[in-house]
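S.K.: Each chain is listed here by its residues.
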Amino acid sequence: AQKVTQAQTEISVVEKEDVTLDCVYETRDTTYYLFWYKQPPSGELVFLIRRNSFDEQNEISGRYSWNFQKSTSSFNFTITASQVVDSAVYFCALSEAGDSWGKLQFGAGTQVVVTP
Amino acid sequence: DVKVTQSSRYLVKRTGEKVFLECVQDMDHENMFWYRQDPGLGLRLIYFSYDVKMKEKGDIPEGYSVSREKKERFSLILESASTNQTSMYLCASSFGAATVYNSPLHFGNGTRLTVT
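Here the protein sequences line up with chains A and B, keeping their order.
Using my numbering, you'd call the opening residue of the first sequence number 1 and step up by one each time.
Using my numbering, you'd call the opening residue of the second sequence number 1 and step up by one each time.
Careful: at least some of the hints might be erroneous.
To be verified - Dumping the calculated DSS-like pairs for lysine-lysine here, alpha-carbon to alpha-carbon at most 27 angstroms:
{"#": "1", "chain 1": "B", "residue 1": "53", "chain 2": "A", "residue 2": "38"}
{"#": "2", "chain 1": "A", "residue 1": "38", "chain 2": "B", "residue 2": "3"}
{"#": "3", "chain 1": "B", "residue 1": "55", "chain 2": "A", "residue 2": "16"}
{"#": "4", "chain 1": "A", "residue 1": "70", "chain 2": "B", "residue 2": "71"}
{"#": "5", "chain 1": "B", "residue 1": "71", "chain 2": "A", "residue 2": "103"}
{"#": "6", "chain 1": "A", "residue 1": "70", "chain 2": "A", "residue 2": "103"}
{"#": "7", "chain 1": "B", "residue 1": "70", "chain 2": "B", "residue 2": "18"}
{"#": "8", "chain 1": "A", "residue 1": "103", "chain 2": "B", "residue 2": "55"}
{"#": "9", "chain 1": "B", "residue 1": "55", "chain 2": "A", "residue 2": "3"}
{"#": "10", "chain 1": "A", "residue 1": "103", "chain 2": "B", "residue 2": "3"}
{"#": "11", "chain 1": "B", "residue 1": "57", "chain 2": "A", "residue 2": "38"}
{"#": "12", "chain 1": "B", "residue 1": "18", "chain 2": "B", "residue 2": "55"}
{"#": "13", "chain 1": "B", "residue 1": "53", "chain 2": "A", "residue 2": "3"}
Worth flagging that the hints you see were computed from the coordinates, not collected in a lab.
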């Protein structure tokens, strides 16, 4: 069963608009980590953020912000004032401490297209 | 700077051929991974290795094998390529065998394999 759901397949916005990417996860573990990765057209996935299950504090990094809500099992990602360089596929991923190796489980990804 | 290098960007092989995909990392990471990426399915783990000569099956190991003779190199082998193995293959590495579940992955650029 899919443990990480990214319901949005593709989001298209015009530059300077805000865009929010949804991520819903499923786990029975109390200790787990959530990640976001960006895959630009070059193909190389780039690590953006890691959040552990005990830290629900939201985080902001420049134009990027993350909203972690355990009550709804969601870890959403917002890009403020989007730019063309934000065009990429974004993946949410889950790693559970109860898994013998804590393998990362990825969502299907959300393609973000930012047009000038 | 952290570097994961995959030997080929594009590869075209015939059905039944034996295919080798090579990956080298220069970060002295303990863990190395092979994923395949298909549209709508995200990234799926094929095999990973937490130490030299050690390997663990991921979610979709059938039709694949791996080799890790040196710490920096992790090879994916398709014993007899089939058309359903046409995909993007991504290699990744991470630090620390004991902390595999919370260590960010560092990815290569990917190898797009086409089997005809």
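S.K.: All the hints need checking, so say for each whether the structure fits it.
M.R.: Do the hints match the structure? See the list:
1. 53/B <-> 38/A: Judged against 27 angstroms, a Cα distance of about 31 angstroms means the pair is violated.
2. 38/A <-> 3/B: holds, 17 angstroms
3. 55/B <-> 16/A: violated, 46 angstroms
4. 70/A <-> 71/B: violated, 38 angstroms
5. 71/B <-> 103/A: Holds, at roughly 19 angstroms.
6. 70/A <-> 103/A: Holds. Residue 70/A to residue 103/A sits at ~20 angstroms (cutoff 27 angstroms).
7. 70/B <-> 18/B: Since the Cα atoms of residue 70/B and residue 18/B sit roughly 21 angstroms apart, the hinted pair holds (cutoff 27 angstroms).
8. 103/A <-> 55/B: Distance ~13 angstroms between residue 103/A and residue 55/B Cα, so the pair holds.
9. 55/B <-> 3/A: The given pair, whose Cα atoms are some 24 angstroms apart, holds under the 27 angstroms limit.
10. 103/A <-> 3/B: Within the cut-off at roughly 21 angstroms; holds.
11. 57/B <-> 38/A: It holds: about 25 angstroms lies between the C-alpha atoms, which stays within 27 angstroms.
12. 18/B <-> 55/B: Given that 27 angstroms is the threshold and the Cα spacing comes to 20 angstroms, the pair holds.
13. 53/B <-> 3/A: Between residue 53/B and residue 3/A the Cα gap is close to 30 angstroms, so the pair fails against 27 angstroms, i.e. violated.
The structure fails hints 1, 3, 4 and 13 (numbered hints given earlier, in ascending order).
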